[in-house]
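On the provided structure of chain A, position chain B as indicated by the hints.
Number of protein chains: 2
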Amino acid sequence: MTLDDIDTPAVLVDLDIAERNIAAYQAYCDEHGIALRPHIKTHKLPFLARQQVAAGARGITCQKLSEAEVMIAEGGIDDVLITYPILGPAKVARLRALAERVTLASVADSIAVIDGLDAGFEGATPLRVLVECDTGAERCGVTSPEKAVELARRIDAAPNLTFGGIMTYPPKRDTAGTQEKLSAIVTAMTDAGLPPETVSSGGSPDMWRAHEAPVATEYRVGTYVYNDRSLVEAGTCAIDDCALTVLVTVVSVPSADRAVIDAGSKVLTSDLLGLDGHGHVLGRPDLRIAGLSEEHGVLRADTIGLKVGDRLRIIPNHCCVVSNMMDEVQLHRSGTPLVPAPVVARGKVV
Amino acid sequence: MTLDDIDTPAVLVDLDIAERNIAAYQAYCDEHGIALRPHIKTHKLPFLARQQVAAGARGITCQKLSEAEVMIAEGGIDDVLITYPILGPAKVARLRALAERVTLASVADSIAVIDGLDAGFEGATPLRVLVECDTGAERCGVTSPEKAVELARRIDAAPNLTFGGIMTYPPKRDTAGTQEKLSAIVTAMTDAGLPPETVSSGGSPDMWRAHEAPVATEYRVGTYVYNDRSLVEAGTCAIDDCALTVLVTVVSVPSADRAVIDAGSKVLTSDLLGLDGHGHVLGRPDLRIAGLSEEHGVLRADTIGLKVGDRLRIIPNHCCVVSNMMDEVQLHRSGTPLVPAPVVARGKVV
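Residue numbers (my numbering), protein chains in the order written: chain A, 1 to 350; chain B, 1 to 350.
Don't take each hint at face value.
One copy or two, either will do: identical chains are not told apart, so a pair holds if it fits within one copy or between any two.
What the hints assert, rightly or not - Listed next, the in silico SDA-like pairs over lysine to any residue satisfying Cα-Cα at most 25 Å (straight line):
id, residue 1, residue 2
1, K147, E180
2, K147, Q51
3, K172, V215
4, K172, G335
5, K307, A158
No lab work stands behind these hints: they were computed from the structure. It should be emphasised that the depicted structure is a prediction, and the values quoted were computed from it without experimental measurement.
Isolated chain A (complex conformation) (with noise of 0.2 Å):
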């Protein structure tokens, strides 16, 4: 069996690359001293979030319940950091369960989530809680040291949580300002009585660059085992580093400079980056994944060369997202097949 003999569109997965690329980080982090917690988002597989904690991480990443659920139960993990705000009684419960089986920290930029989780822990072991802490990417977090410092108090005051540090999701291309912000987050919080034991950074695209925040402790990194167009594209890593590809058909060639495949956003999905055009197609730059819709995508060039039946690698904008869209993907080594694997943690929102 071969790659040829593999049905389209599928996904497929080089754990060649994939193992290189798990070494390679574990390694840059060794060397730097920073712990590593791979998120799992990008593979969604168990059985590769083994294979990143047997390297050296130090436990994983998940931002839903459900991923953490899935990995503890089907990948044995024992050591999890939720960076997502729980909230309300139901999911304070799976919390409070999955904190009763492995070491489990979860994250809080606001009172009524560390109240939340204070009620919910009543009676149990503490829940180790870090502050979300904005550095300028404006999603989630306290956007002042004074705000983190009165969480962090709260937290320390609240009696079944303990005070674990910081968390961001830093701003990308700007090391300099994350160690800025970061360092005086942690120099209020020590000023306050508060040292922060873990301060948690991360982020694919400044992965080879974590080293110059240094007052981060541990960096999580999710894209780095797959690789993707938007992180070759950042210099981040090279085309051979990109262990996920998509294999599709062409299913039709209407015109000279047109062509149509077997993959659309189900598979691609719509995720552009800021890039232009749907993906990078292996061996043919010259093309452009011009357009998507569901199950069709549109291949333009000045002169196409496809012919119907011609199958082709692509390599998408996002490889996390596309890990999602399936329920399976097929596992090779160098292009030699080995199993189809289950996505397990696909679809796993709430």
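Relative to the frame of chain A, chain B by itself:
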């Protein structure tokens, strides 16, 4: 139990509205003597496909074999048009297996696809094949009446196929042009002694103008069952006609002009369809869903006026792709919850 008891994010489907939409468009098609063939990509739910047929639809439309397999096996559907070029022995064998069970037709826009279908149906009841024609949308389809006639002749001459007519996915907002182009193809085929039995057109934005292109005998429409923001903005439906909404919770209010909800691109998707922002917040048209990451949606307004824990309902830009993100949707009738329905044709890409 009320919708307040449902954990978020969740996709809600109001069956009262969906049934009203099904009835209203069936009545329009009946009035104008147009055969309706709904595209099941929008709901991916066998029971809703059955309701569409029970209301008077001729059959259903699928783009992928795996969708058709589910709709036939679990929906009891007995008439399917596959509006996609089916290519390769593995897929053609699956098509043949379906054709042995139900009334089935497929499409082709190339000799390669026609010859593959003919080879795969040797010894079987001949497969009905329509010629896919491009009437301006520039996706699949032959681009001239001459090429359409050439393929019609090829199908007609193939021992294991019968010529079924024409299929097109027309460009938006040009029913006059579609009528003109389809008529030219019909004339050319009729002159060649191959008058098309079926002329199948479609598309939700122009669904209420289908009668303006009366050369089409059949109309395919998917989104009409749920409707979405793109169709509201196009004037095709009203807000109150939208059956699918996304129920979310505010998880963070970092500043007076920003809040974060627990649905990102893993629920709402990145589909913009030319619109500004990622959906319409019911009751709060001043809120802009300014950005999505996988699990976060960032809302912005001059005065955000939300607190952590508030729940909102969102009409997404594109409902079809939202269905595809979810393992299940929560059915309700005007706010009274029914059961969750597994989206059994979700993720069927092969």
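A quick look at each hint next to the structure:
Within a single copy, K147 and E180 get their C-alpha atoms as close as 17 Å, which meets the 25 Å cut-off; across copies the closest is 65 Å, which misses it. When the C-alpha separation of K147 and Q51 is checked against a cutoff of 25 Å, the pair qualifies neither within a copy, at 38 Å, nor between copies, at 54 Å. Taking the closest pair of Cα atoms, K172 and V215 come within 25 Å of each other only inside a single copy of the chain (17 Å); across copies the shortest separation is 54 Å, beyond that limit. For the identical chains of this complex, K172 and G335 are neighbours neither inside a copy (34 Å) nor across copies (42 Å), given an alpha-carbon limit of 25 Å.
In the homo-oligomer, the alpha carbons of K307 and A158 lie at most 25 Å apart only across protomers (21 Å), although the nearest pairing inside one protomer, at 66 Å, exceeds that limit.
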